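Chains as they are written, first to last, in the working numbering: chain A, 17 to 149; chain B, 219 to 341.
Think of the hints as simulated: they come from the structure by calculation, not from any bench.
As the structure is a computational prediction, the values presented were derived from the model and not from experiment.
Backbone N, C-alpha and C fix where the C-beta goes; we use that ideal spot for every residue, glycine too.
Certain hints may be false.
[What the hints assert, rightly or not] Taking CB as the label site, the calculated pair distances span: (1) B:Gly-282 x A:Glu-129: 30 to 36 Å; (2) B:Asp-322 x A:Ser-81: 36 to 42 Å; (3) A:Asp-128 x B:Thr-267: 27 to 33 Å; (4) B:Gly-316 x A:Glu-129: 33 to 39 Å; (5) B:Gly-291 x A:Gly-84: 55 to 61 Å; (6) B:Arg-290 x A:Glu-129: 51 to 57 Å; (7) A:Glu-44 x B:Val-308: 24 to 30 Å.
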Amino acid sequence: MGAEKSVAIDRDVDIVTARQIGRELAAEAGFVGSDLTLIATAISEVARNIVVYAERGEIRLSLSSRNGRRGIEVIAADDGPGIPDIEQAMQDGFSTGRSLGLGLPGARRLMDEFEILSEVGKGTIVTMRKWRA
Amino acid sequence: MAVPVLKQGDVLIASIQSALTDHDLLQLKDELAEKVGRFRSRGVIIDVTALDVMDSFATRTLRGLAATTRLRGAETVVVGIQPDVAMALVELGLTLDGVATALDLEEGLEVLANLTEAHHRGR
Numbered sequence: 017m018g019a020e021k022s023v024a025i026d027r028d029v030d031i032v033t034a035r036q037i038g039r040e041l042a043a044e045a046g047f048v049g050s051d052l053t054l055i056a057t058a059i060s061e062v063a064r065n066i067v068v069y070a071e072r073g074e075i076r077l078s079l080s081s082r083n084g085r086r087g088i089e090v091i092a093a094d095d096g097p098g099i100p101d102i103e104q105a106m107q108d109g110f111s112t113g114r115s116l117g118l119g120l121p122g123a124r125r126l127m128d129e130f131e132i133l134s135e136v137g138k139g140t141i142v143t144m145r146k147w148r149a
Numbered sequence: 219m220a221v222p223v224l225k226q227g228d229v230l231i232a233s234i235q236s237a238l239t240d241h242d243l244l245q246l247k248d249e250l251a252e253k254v255g256r257f258r259s260r261g262v263i264i265d266v267t268a269l270d271v272m273d274s275f276a277t278r279t280l281r282g283l284a285a286t287t288r289l290r291g292a293e294t295v296v297v298g299i300q301p302d303v304a305m306a307l308v309e310l311g312l313t314l315d316g317v318a319t320a321l322d323l324e325e326g327l328e329v330l331a332n333l334t335e336a337h338h339r340g341r
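Based on the provided sequences and hints, a complete structural model is requested.
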């Protein structure tokens, strides 16, 4: 599965670009209808997290396949301040920035798989995947 | 990209044409708060038909916009939320509490007529 795209994130307009490219790639993977919107929305949330907390980072998008199922993988990586308490950050309504605190837990609900690795002072990597029905 | 705002009687109609950045959304909020005063508007309609994504930031900004214009004496109705967008909002756990919604512009104007009547009767 060759297609891979990378979007540099360092200001709000990049959030729009990332979710638009993500939607196109998801369509290429064969997603249709509301799944395209769910994927684009999840990308928007993790991209905004980069802008708000880390200032800059990158969204990497790729087609993925596992056990004969096709899907899309979204990686949001930054070398920002990191998340001291991931469990807390994943709770609805928890926020240290100017947000509702629904970004990460919301993105997790929209996708099938969601992993987060973060180290204080080093950065954060969110990996999420969605598989076609 | 700026959102065109039309004045139709005592209603302002903001018709979003394409995807908006966070900055565009905040600018729309400020602009409407100012125009509601300048034109003595009693209602605001935000047409989001063209939005293919409404995330937590967009939702929060629209709620803030409605609350701000209400304090300035005008009710806000959001119209045209796409079915897929509505589903995503529900999945995200986002609501537009305190913001009236309607299917399209026509219904939005009807909702607005009822709301503004109530508002100016002192609810």
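The hints, checked one at a time:
1. B:Gly-282 x A:Glu-129: 30 to 36 Å: For Glu-129 of chain A against Gly-282 of chain B, whose Cβ atoms are near 33 Å apart, the range 30 to 36 Å holds.
2. B:Asp-322 x A:Ser-81: 36 to 42 Å: This hint holds: roughly 40 Å between Cβ atoms.
3. A:Asp-128 x B:Thr-267: 27 to 33 Å: holds (29 Å)
4. B:Gly-316 x A:Glu-129: 33 to 39 Å: holds (34 Å)
5. B:Gly-291 x A:Gly-84: 55 to 61 Å: Holds, since Gly-291 of chain B and Gly-84 of chain A (Cβ atoms, about 60 Å apart) stay within the stated range.
6. B:Arg-290 x A:Glu-129: 51 to 57 Å: Hint violated: Cβ distance 45 Å, outside 51 to 57 Å.
7. A:Glu-44 x B:Val-308: 24 to 30 Å: Given a distance of about 26 Å, which is inside 24 to 30 Å, the answer is holds.
When held up to the earlier numbered hints, the structure conflicts with hint 6 and nothing else.
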